Structures are given as structure tokens and as C-alpha cells.
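All chains, please: the whole structure from these sequences, using the hints.
So the protein sequences, as listed, match chains A and B. For the first sequence, the numbering used here gives the first residue as 1, with consecutive numbering after it. For the second sequence, the numbering used here gives the first residue as 1, with consecutive numbering after it.
Derived by calculation from the structure, the hints in this document are not laboratory data. Treat the numbers as computed from the prediction; the structure is a model and nothing was measured. Any given hint could be a false lead.
Sample of chain A residues at the chain B side, in silico, Cβ under 8 Å [claimed, not checked]: (1) 42; (2) 111; (3) 121; (4) 129; (5) 144.
Yeah, the Cβ is synthetic: ideal placement off N, Cα and C, and Gly gets one too.
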Amino acid sequence: MKLTLKIWRQKDAASKGKMVDYPISGVEGDMSFLEMLDVLNEQLINKGEEPVEFDHDCREGICGTCSLQINGEPHGPDRLVTTCQLHMRKFNDGDTIVIEPFRATAFPVLKDLIVDRSALDRIQQSGGYISVNTSGNTVDANAIPINKHDADEAMDAATCIGCGACVAACKNASAMLFTSAKVSQFALLPQGQIEATERVQNMVRQMDLEGFGNCTNTGACEVECPKGISLENIARMNREYYSASLKG
Amino acid sequence: MGILDSKVPAGPLADKWTNHKNQIDLVNPANKRNIDIIIVGTGLAGGAAAATLAELGYNVKTFCYQDSPRRAHSIAAQGGINAAKNYQGDGDSNYRLFYDTVKGGDYRSREANVYRLAEVSANIIDQCVAQGVPFAREYGGLLDNRSFGGVLVSRTFYAKGQTGQQLLLGAYAAMNRQINRGKIKSYTRHEMMDLVKIDGKARGIIARNLVTGEIERHSAHAVVLATGGYGNVFFLSTNAMGSNVMAAWRAHRKGAFFANPCYTQIHPTCIPVSGDHQSKLTLMSESLRNDGRIWVPKRLEDAQAIREGKLTPLQLKEEDRDYYLERRYPAFGNLVPRDVASRAAKERCDAGFGVNKTGEAVYLDFASAIERYGKEKAMTSGIKNPDKNTITTLGKEVIEAKYGNLFQMYEKIVDENPYETPMMIYPAVHYTMGGLWVDYNLQTTVEGCYAAGEANFSDHGANRLGASALMQGLADGYFVLPYTIGDYLSNDIRTGAIPTDAPEFDAAEKEVKDRLSKLMGGKGLHSVDYYHKKLGKIMWNKCGMARNAKHLNEAIEEISALRADFWENVKIPGDANGMNQELEKAGRVADFLELGELFAKDALNRNESCGGHFREEYQTPEGEALRDDENYRYVAAWEYKGAPKDAVLHKEELVYENIELKTRSYK
Ligand SMILES: Cc1cc2nc3c(=O)[nH]c(=O)nc-3n(C[C@H](O)[C@H](O)[C@H](O)COP(=O)(O)OP(=O)(O)OC[C@H]3O[C@@H](n4cnc5c(N)ncnc54)[C@H](O)[C@@H]3O)c2cc1C
Ligand code: SF4
Ligand code: FES
Numbered sequence: 001m002k003l004t005l006k007i008w009r010q011k012d013a014a015s016k017g018k019m020v021d022y023p024i025s026g027v028e029g030d031m032s033f034l035e036m037l038d039v040l041n042e043q044l045i046n047k048g049e050e051p052v053e054f055d056h057d058c059r060e061g062i063c064g065t066c067s068l069q070i071n072g073e074p075h076g077p078d079r080l081v082t083t084c085q086l087h088m089r090k091f092n093d094g095d096t097i098v099i100e101p102f103r104a105t106a107f108p109v110l111k112d113l114i115v116d117r118s119a120l121d122r123i124q125q126s127g128g129y130i131s132v133n134t135s136g137n138t139v140d141a142n143a144i145p146i147n148k149h150d151a152d153e154a155m156d157a158a159t160c161i162g163c164g165a166c167v168a169a170c171k172n173a174s175a176m177l178f179t180s181a182k183v184s185q186f187a188l189l190p191q192g193q194i195e196a197t198e199r200v201q202n203m204v205r206q207m208d209l210e211g212f213g214n215c216t217n218t219g220a221c222e223v224e225c226p227k228g229i230s231l232e233n234i235a236r237m238n239r240e241y242y243s244a245s246l247k248g
Numbered sequence: 001m002g003i004l005d006s007k008v009p010a011g012p013l014a015d016k017w018t019n020h021k022n023q024i025d026l027v028n029p030a031n032k033r034n035i036d037i038i039i040v041g042t043g044l045a046g047g048a049a050a051a052t053l054a055e056l057g058y059n060v061k062t063f064c065y066q067d068s069p070r071r072a073h074s075i076a077a078q079g080g081i082n083a084a085k086n087y088q089g090d091g092d093s094n095y096r097l098f099y100d101t102v103k104g105g106d107y108r109s110r111e112a113n114v115y116r117l118a119e120v121s122a123n124i125i126d127q128c129v130a131q132g133v134p135f136a137r138e139y140g141g142l143l144d145n146r147s148f149g150g151v152l153v154s155r156t157f158y159a160k161g162q163t164g165q166q167l168l169l170g171a172y173a174a175m176n177r178q179i180n181r182g183k184i185k186s187y188t189r190h191e192m193m194d195l196v197k198i199d200g201k202a203r204g205i206i207a208r209n210l211v212t213g214e215i216e217r218h219s220a221h222a223v224v225l226a227t228g229g230y231g232n233v234f235f236l237s238t239n240a241m242g243s244n245v246m247a248a249w250r251a252h253r254k255g256a257f258f259a260n261p262c263y264t265q266i267h268p269t270c271i272p273v274s275g276d277h278q279s280k281l282t283l284m285s286e287s288l289r290n291d292g293r294i295w296v297p298k299r300l301e302d303a304q305a306i307r308e309g310k311l312t313p314l315q316l317k318e319e320d321r322d323y324y325l326e327r328r329y330p331a332f333g334n335l336v337p338r339d340v341a342s343r344a345a346k347e348r349c350d351a352g353f354g355v356n357k358t359g360e361a362v363y364l365d366f367a368s369a370i371e372r373y374g375k376e377k378a379m380t381s382g383i384k385n386p387d388k389n390t391i392t393t394l395g396k397e398v399i400e401a402k403y404g405n406l407f408q409m410y411e412k413i414v415d416e417n418p419y420e421t422p423m424m425i426y427p428a429v430h431y432t433m434g435g436l437w438v439d440y441n442l443q444t445t446v447e448g449c450y451a452a453g454e455a456n457f458s459d460h461g462a463n464r465l466g467a468s469a470l471m472q473g474l475a476d477g478y479f480v481l482p483y484t485i486g487d488y489l490s491n492d493i494r495t496g497a498i499p500t501d502a503p504e505f506d507a508a509e510k511e512v513k514d515r516l517s518k519l520m521g522g523k524g525l526h527s528v529d530y531y532h533k534k535l536g537k538i539m540w541n542k543c544g545m546a547r548n549a550k551h552l553n554e555a556i557e558e559i560s561a562l563r564a565d566f567w568e569n570v571k572i573p574g575d576a577n578g579m580n581q582e583l584e585k586a587g588r589v590a591d592f593l594e595l596g597e598l599f600a601k602d603a604l605n606r607n608e609s610c611g612g613h614f615r616e617e618y619q620t621p622e623g624e625a626l627r628d629d630e631n632y633r634y635v636a637a638w639e640y641k642g643a644p645k646d647a648v649l650h651k652e653e654l655v656y657e658n659i660e661l662k663t664r665s666y667k
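And the structure:
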């Protein structure tokens, strides 16, 4: 395949960026999107140019490091995959592909396609945990039976990889899907009940402080989420938040 | 060789850890506030250690090269975590887990460490459930288990195919709680470039801020390295792109012995290589071997026809298939340990029975399991005399519930539907049993420098059993280090903060800066990947699944020459003052180029076959590994003396008091 890539280049956080065109040939369908960029970078390096920097690590769709807005969609056109699991067979010979960083006020660009997503960590730090120490004397695991349905639903929420595609997909750059996934996981489990009120209040407060926008129920986040995190989680978080406000 | 004191406490095996804990010196809470600990790595081992030490009151600094602690490669572990809970009532116990692990490791691990691991394993599950880790459950609400290779009990706990993710997010949450309290300061996008020693003790690190390029000094009273494995020395592996040996290697150069570098695990069930562009390999969890049957065609001509696309696996009749693991190892069948399964796949493919274009793939087939589960599900759903379609549909549903995400991942990568046609798999580099030598307290040969998780060599001998790395990482981090470090730090309550303007920091920082300028100063002929791929080829062809003296000698020469070429001719664009991923890669590859040579040297020294280390010269007439307990029942710990070829061997004799050494048999 021959392709034209239009890629966002930006030297560092302080510099202005611009789109640059790169033709590329010899792309095979079995390549992943990032392997295609590896080929481009190898060519750039050999020509003495600076390679395009992008975030990636596990390359198997689980660490949440890779990002990229591809033709306007976070993680590209395929559904339920991260950029690293997107394969070039989803594109056609002659295509032009526009590659940009995830865009959001809370995600400043650091270089080229790399953004700073530490705001997501700070949301987790504000309450995304259950306060138990490592004592070695916690009760036996089977002393807390949990019905399979709830456990499975908690697991589904817990599979969020923290990639931020939901934010990049949202016209308000809201982090509701991300935040609600963690709130839901704990709301569905008995272990999470004790701190439920504080958790949801603190996490929502931090989300607002970081400059993420409001949720206006467009549902774009769910469509682009590589892990299929459901909008139901947002509804559940809203209920949790409401009952927390009643408790004060 | 007096230096290698494993510090295993006296007394009966089952009492050692308890006795040791009772005799350990404690640090009072007020003093803990005056003690700093650096933890490099935020995977299961580092994350768990950081959270626990911070809970205890120490001031903890964590470092990781990713943009968040949650992205450490532990996140990618799929299949599960072992624990001797005996919830299934199938005869499991601490002793049995201990026994299986020592046997699985081909009698090359330290008894006392492994027993302790088994002993704390049950606590891990309790701890994780308390944190809200959503393990899989049965309909009755209790925890579910599955089996993994090399054992005859069901002791593996799991969270779908994302067990590592859930355990790591548990540790990350525990860290977050401490970050919120101000007890952990987390440095992300930071790479440890060197260890700083003052008066012989580890007192800090030099780190590079990967965003600004700044070289920073960080001091502490103790340093923990939990930086994962070095499988990427092979270029292609199931590790993350950034997984590296830099931190461990820098510590090695500062005096920490490196143990058993040649012990590598080549995992039998990975997606085969598809072409030269390949950047990494993807694991298909071992849990699939619970239900998948491995086979190749019985006849060479069928294999050839399949490779040429003239025949499909579905057309091949049952009697024309060779379920070679079931044939060779009837007792364990498809659930033999990884080293055995990998070598058996290589043997069949080398003999010409491979089933993909490159001839390097075997089938992993779920048809029987789909039928078996389908029938069972029909029964429990009250469907009498179900037809074939119903059975298949129900069976697929069961398989999807168990392995759905793995099947989806396979389909995305290979573009074939594994519910319909058998998966193709081939062995790939996955895990490194070797690592920094540590004593019973997890301290390296540098005082105050500890190593945990995959970065140390401790518990898996020459081969690791499935679902045991997660167990070890969390055991080290949650339950071992917090005690043993406390014992060490009890001598440091009056030391006060370690100043970062000490001459030792100046020297280490200068060394790091010089090295970076040297890298940037290469002549600029070839990219870093060019060298990394070359190194990977040498490693895979000459230090891979089957090794011999001739190849290992060649590997040593070739790697050493490649290293010289690298330093002269590597090409790194941009500069060192800012984000530069090529420079990051270059630093890592530079260290792999040293480790690779030591790896080959270690493999050459070990004139026996054991676990993942298979020397062609040492095998039984049936092609099974031939161990030499008389001459090689030791840990090979290498001391740095400049070039890898000058490394000096120290032996830790392994003593077996509670287990009888036997030839491993899975027949
Ligand atoms: C695909 C895959 C599947 C697996 N499945 C299983 C399984 O089902 N069951 C099982 O038991 N085991 C499994 N394993 C093995 C297991 O996941 C790992 O051995 C284990 O998670 C390693 O944990 P760790 O904490 O030692 O290191 P890691 O999780 O690798 O963490 C390393 C940390 O060190 C940091 N780091 C590294 N170098 C530096 C540096 N120079 N400076 C700063 N920071 C640095 C990284 O940023 C990271 O935070 C699997 C492994 C892989 C690759
Ligand atoms: S909710 Fe989905 S899109 Fe958002 S961070 Fe989590 S995995 Fe990514
Ligand atoms: S690189 Fe890990 S999810 Fe894409």
C-alpha cells in the first residue's frame, strides 16, 4: 500500500505545532498502525530527520499508553481496539491518513503526538481506592461472597485502561466515562461501600479542578472506548453522586 | 566465595519465615518519618512495596519510565495468579505449591525462598480481594479457580484474561492512597540511569527526566529495584517496548551480582511472527491450554499442503492429526510446563510439520472444548437431546465467557476467527528467571540495594510455572520487603537525610552525562533498532530454545563486535535536552549489548540442560533435558569486572533438605 500521512509535529510544550505531510509506501495489511509509524521513523532517521514521537509501550491493547487521533477518531476507525491493535488492513491503498494527538485542555501536548495525561492519575489519587492496609491479616477472601453478576459487572467497569480516548472523543472533553468506571467498580462491590460518599465527591471535584468539561450525554465516549466501557457507568456515578449529596 | 551468603534463617523449613520475622529489628513509627526509600519500578513488585512501605510511614519516592505507574508491564499479564488456598479441596497445600515450584524450576531455586512464597500466597488473595480486585467468581459467589501448566491442582485465581491488569490496578490504587496522603512522591517519565553508592551502601540514584532531559539526583537510605525482566534482549518478545535491563545492569556495574542470566522462558503459546516489520510478539495466555489441544498434521505432505494453502486444518480428519503433547506426555498432556511444551513445538516444526507460511506454527484447537462445554451447558439449561448446532452455539458462549478478550485479540491481529478455525501459535521469549542475585532478604550484593519481582533471580529456578510471577511480585512487594528493609533500616535511624551534593553523586552524574554525550556523538550510520534487531537475531538463533557450545562461542564474539560497532556508528537524531525516544532506546540497547554477552557466557558455562536452558549436548535419547546435579547444582552469580567476558563467577550451592532431587517427568 501507498499512503499519505498528515502528522502533527510540535517540538515541545512551549512551541507551536503544525501538520506535515509524509508519503509512505510498502505498507502491509499485517502491520499494526504503530509498526507502520516505525517504518516511517526508520526512514526519517536514515534521512537525518527527527522521527515522529508517539506514546506506546505494551503494544497489545492493555497498558493504555498509545493514543493518537486518527482521521478524527481516537484510536482510529476500528471499534474496540487501541491504536496499537489497529491493523493497516483497515486502510486502502492511496488513503490519506490524518494523525493528531488526543486533544483536550487537560491534556497538554508535550511533543509531536505525545500528550500529558497525568490529570487522569490525579483523579484516581483523589479517591479511586479502598482504604485497606497490607496487614497480612485481612479476612479470608471467601468470607466476602459476591454474587457473580455484580462481580462480573464490576470487572467490566474495572477494565478501563486509562487511555483518555473518551476525553478526546467528547466535544466537551469530559472525563465522565473514565471516572465513572472506577466509581462503578467500587459501587458494585461490598468492599467499596464504606467510602462511597467521599469517593464519588472527591473524584468528581478533582475531575472538575483538572479542567475536564461537563457531560451532555452525546455518547461519543462509549463509541470510541477501546474497552467497551458502558454509559451505564456514568448513570451509576450520577446516582452515587446524587445520593452522596443527600448525605452531605 | 565467602561473599555469597544467602542468609537463609536456621530452623525447620515451615518455621523459617515466622522465626525470621520475630527476630527482625523494627523501626519505631516516629523514626520511619526520617527515612527515605527509593523504589524504581511501579509494577506489581514495586507498586506493592511502595504502597506498603508508605503505609508503614517511610517516605517513598517511586520512579517509572511510563507516563503513569499504572502502565508497568505487569498490566499485560493475562492468565492468573497462584495461591495455595485449596478452595477446590483438591489436595493443595503450601508444601505442594512449594514442591511444584521447585520441581517446575528443575531444582535450581532456593528452597527457603520458594517455601516463603508459597506460605504468603494465600495472604495475597485476601489482600487483593480487600482492595476490591474483581476476581472471577462462581455462581455461589465464591472465588473461581483454573489450572495452569506443570501442576495437578486448580489453584490459579484470575480476572478474565486480565489478571495482571486487575492486580496492578489494585497496587496502583494502594499507591494512590499514599500519594494522596503525601507519603509517596511519584516520578513518572523518569528513567534510572545509575545507582549511587556512598561508603559501600546504596544511597540514591541518578535519573533522567524523559520530558525535559534533565539529569536529576535523588537520595535515600535504601534503593529497591523492581524494574522487571530483560526479555527484550531478544528484540522480539512479549515484553513491552520499553522493558529493559538498564536499572539492574547499572546496579550490576556498581557491584550487584547478576545471577543465571541464561535462564529465559520461551512461552509456548504466542502469536507467530508475521513479517520483518514485527515489533513485538503477543502472548496467548497459557490458560488456553486448559481447553485448547495442540496438534500438527501427522503426515509431512499434509503439513506442506496446509502451508501452501491447499488444505485447511478443518479438512484434516482426527486420525490424521498428531496431538504430540498428549502422545509424548500422557500424564500432563497439553498442560506440561512451558519449557517442555515450547521445545516440543520447535521439535515438530524443525521436523517439517509447521503449519503457517514460515513453517513456524502449530495449532491450538478449541473444537473439542466447544463440544464438551456445549453439551454440559445444554444439560444444565434443561435442553434434552440438543442438536449439533445448539451444542456448538452454547459451547462457544462458554469459551467466550472464559477467554473472550484473548480470542478477540487474536482475531484483530491475525484476521482469522479462532472460534471457527484453530489458532496458530509458536513459542516466544516471555520471561527471564535470571536477574540480580539477592539473599533471603531480597538484598543484592550491594548493601541497601534490594531487588524484587522479575528483576531478581530468586524463586523460579531454571523455569517458571505459569501464574507464579504475579504471585512472586506481590509476595516480594506486599509481604517480604516491608519486613526485611525495616530490619536493614533500623541501623539508619540516626543517619539523617542523605545529601545529594556528596562527591559520589557528582561522580555518578558526570558518568551519566558522559555516557549520553558519547551516545549522541556516534558517527550516525545506523538507527538504534538496526542494532537491536541484529542483537535479537543472534540471541534467538544462538541462545534461544536450543543452545550448543559452538553457537554460544560465536554469539559471544558476534555480540562483542556488534557492541563496538554500536558505540562507534549509532545514529541518534535530535539532542539530549528534551524528549528523545531514540536516545532512550539507545541507552537500553547499549546495556542489552553487554547483558547479551554475559547471557551467552553463562549458558556456555552451564554444561547441562535444565528448565528453559537446553544444551543440545546434554539430552536423553528421547530428547529430554539432562541435568547434572553433581556439577551444576548452583546459582551462577556473576561479578562485573569491565567487559562481560571478564565477569567472575561466584557460586551459591543449592541445598535440598526438604525435597528429593529427581529427574523431572511429566509422562
Ligand atoms: C504478556 C505477559 C503475560 C503474562 N502473564 C502472566 C500470568 O498470567 N501470570 C503470571 O504470574 N505472570 C505472567 N507474566 C509475567 C509477569 O507479568 C511479570 O513477570 C511481572 O508482572 C513483572 O512484574 P514486575 O513488578 O517485576 O515488573 P514490571 O511490571 O515489568 O514493572 C517494571 C517497572 O519498572 C519500571 N522501570 C524499568 N526500567 C526502569 C528504569 N531504568 N528507570 C525507571 N523505571 C524503570 C517500569 O516503568 C515499570 O514501572 C506475564 C508476562 C507477560 C509479558
Ligand atoms: S473509559 Fe474507555 S476510553 Fe476512557 S480511559 Fe477508560 S478505556 Fe480509555
Ligand atoms: S501500547 Fe499499550 S495499549 Fe497500546
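Status of the hints after comparison with the structure:
no., hint, result
1, 42, "holds, 6 Å"
2, 111, "holds, 4 Å"
3, 121, "holds, 5 Å"
4, 129, "holds, 4 Å"
5, 144, "holds, 6 Å"
Violated hints: none; the structure is consistent with every hint.
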